[in-house]
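K.L.:
Given chain P, put chain H in place with the hints provided.
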Amino acid sequence: MTPPRNLLAKTIPFLIMVPILGSLGNVLLGKGMRGMGEIRHPSVSTLAIYLLKVLSNVWVWLGMGSLLLFLVIYLLVLSWADYSYVLPVTAVGYVLAPLLAHLLLGEIVPSSRWVGAVFIFLGVAVVGRTPPSTTGRG
Amino acid sequence: MRTFLFLAIVVLSGTGGDIAMTHAMKRNGEVKNFSPRALLGVFRQVSRSGWAWLGFGLMILAFVALLALLSWAQVSFVVPATAANYIVGGVGAKFLLKERVSRARWAGMLLVAAGVAMVCAVR
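First to last, the protein sequences are chains P and H.
No gaps in the numbering here: position 68 of the first sequence is 70 in my numbering, and each next residue is one more.
No gaps in the numbering here: position 47 of the second sequence is 49 in my numbering, and each next residue is one more.
Since the hints were derived computationally from the structure, they do not count as laboratory data.
Ideal Cβ placement from N, Cα and C applies to all residues, glycine included.
One or more of the hints may lead you astray.
[What the hints assert, rightly or not] Short, incomplete list of chain H residues facing chain P, as computed with Cβ under 8 Å:
hint	residue
1	K100
2	R102
3	A106
The following block holds chain P by itself, in its conformation from the complex (with noise of 0.2 Å):
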């Protein structure tokens, strides 16, 4: 078991990866599907094409990727650290959302979320005061 002090070291990029990676691959994968259309009559032989054309996207791809990679960091951190750390810690992917909507699609965001994000920072800063691993396992 690495030191507790390094083992926040390891921790933290971690954790800063998975949100991050989270919310790409959603954003890249609603890019990707916006331009699919509807299944107004779904048969094998729509299916089949509708599958042929979502695969052939490479916003699709990209967006797999990252979620790909979002899932195995999420599973390595795991593998050292409590999941009552990590669980929490990571739901600041949800802040990312509103603030890149504001920030880069000049959206509206209503002031419940703000006090949101502010309730999910408040409670990642109080988990992320507590050791990364109770358990001294892993």
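P.N.:
For chain H alone, kept in the frame of chain P given last:
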């Protein structure tokens, strides 16, 4: 009734999947070597664990239940309600993974759950 049943499946199987996966990763030991070859070895080893497959199956069940739930229930109710994951996750971590969940960590998880519910609430 059906909505709450499916919501319970989403939250319990999603958290259960995460806990089973965490258990599989912990049993394999702390990952210290991050070379692609070593990581491939880690995931090959973990994929031999029944816990990993249980976790994977529960995650898929949670996803399918979420899709089904969204076919009739409003997103403005479903997505904020899944913030219960943070509380159920804390309980699972304490009793199943035997983590020491301190008062500070509980307080943090409650703040995060409330925050996620507020951020996800659609108007």
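K.L.:
Does each hint hold? Answer for all of them.
P.N.:
Structure-based check of all given hints:
no.	hint	verdict
1	K100	holds (6 Å)
2	R102	holds (4 Å)
3	A106	holds (5 Å)
Violated hints are absent here; each numbered hint is respected by the structure.
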